[in-house]
Amino acid sequence: DQQVKQNSPSLSVQEGRISILNCDYTNSMFDYFLWYKKYPAEGPTFLISISSIKDKNEDGRFTVFLNKSAKHLSLHIVPSQPGDSAVYFCAASAGTSGTYKYIFGTGTRLKVLA
Amino acid sequence: EAGVTQFPSHSVIEKGQTVTLRCDPISGHDNLYWYRRVMGKEIKFLLHFVKESKQDESGMPNNRFLAERTGGTYSTLKVQPAELEDSGVYFCASSQDRFAVYNEQFFGPGTRLTVL
Chain A
1 DQQVKQNSPS LSVQEGRISI LNCDYTNSMF DYFLWYKKYP AEGPTFLISI SSIKDKNEDG
61 RFTVFLNKSA KHLSLHIVPS QPGDSAVYFC AASAGTSGTY KYIFGTGTRL KVLA
Chain B
1 EAGVTQFPSH SVIEKGQTVT LRCDPISGHD NLYWYRRVMG KEIKFLLHFV KESKQDESGM
61 PNNRFLAERT GGTYSTLKVQ PAELEDSGVY FCASSQDRFA VYNEQFFGPG TRLTVL
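Protein chains in written order, with our numbering: chain A, 1 to 114; chain B, 1 to 116.
Chain A extracted, bound-state conformation:
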């Protein structure tokens, strides 16, 4: 039973345009959400996070939106750059349950075309 789902395995976007990556979750106990970026043969690198008390968090070109009622979050990258080409993982945790573990989605491979 997958609690965090990334239904798009891949996405291609032109350089300079917006990339939108989506993530859905089922566990209403999740209260902290993160996006990680992963290049081949490297470990995941933290990108941006959001707690459940917020609906938006922005860091430079990266913005994460959280819609708790829909149990949905998205990552917007504007403008997209070729160096953004990587696999993006959505992750969630339920800190108020006393656990620190992350539950990850299966990832979305983003390709930014020059």
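Source of the hints: derived by calculation from the structure; they are not laboratory data. There is no bait here: all hints are sound.
Below 27 Å or equal to it, Euclidean Cα-Cα: the simulated BS3-like pairs (lysine-lysine) are:
| # | chain 1 | residue 1 | chain 2 | residue 2 |
| --- | --- | --- | --- | --- |
| 1 | A | LYS111 | B | LYS41 |
| 2 | B | LYS78 | B | LYS51 |
| 3 | B | LYS15 | B | LYS41 |
| 4 | A | LYS56 | A | LYS68 |
| 5 | A | LYS37 | A | LYS68 |
| 6 | A | LYS71 | A | LYS111 |
| 7 | B | LYS41 | A | LYS5 |
| 8 | B | LYS54 | B | LYS44 |
| 9 | A | LYS56 | A | LYS111 |
| 10 | B | LYS44 | B | LYS78 |
| 11 | A | LYS5 | B | LYS44 |
| 12 | A | LYS71 | A | LYS37 |
| 13 | B | LYS41 | A | LYS37 |
| 14 | A | LYS5 | A | LYS71 |
| 15 | A | LYS54 | A | LYS71 |
| 16 | B | LYS41 | B | LYS78 |
| 17 | A | LYS71 | B | LYS44 |
| 18 | A | LYS54 | A | LYS5 |
| 19 | A | LYS68 | B | LYS44 |
| 20 | B | LYS44 | A | LYS37 |
| 21 | A | LYS56 | A | LYS37 |
| 22 | B | LYS44 | A | LYS111 |
| 23 | A | LYS68 | B | LYS41 |
| 24 | B | LYS78 | B | LYS15 |
| 25 | A | LYS111 | A | LYS37 |
| 26 | A | LYS71 | B | LYS41 |
| 27 | A | LYS56 | A | LYS5 |
| 28 | A | LYS54 | A | LYS68 |
| 29 | A | LYS5 | A | LYS68 |
| 30 | A | LYS54 | A | LYS37 |
For chain A, the structure is supplied; the task is to place chain B on it using the hints.
Just chain B now, kept in the frame of chain A:
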């Protein structure tokens, strides 16, 4: 500051053999985690140490897996005996404050384990 390091980067073993993976967390990080990614699927939690204590081992697949963190520094994950389904990439991660649930976890580059 050095990041999370893992050794070896790759390991190829025969079914039934034993393999030990090592993780060195970021210095000063109390929390250490093991995760595994099998065949391009999601990254799955295995266990969590706070210093030398196992805080959560709910993700450990079975008793063929043994994790230790003696002295609260580096950690080892031993698989004995290895089975074909144990193949995958094993990631280690660390985070700083034992009381802070919302600190992001920093991941190592992973160990790719192939069991033949």
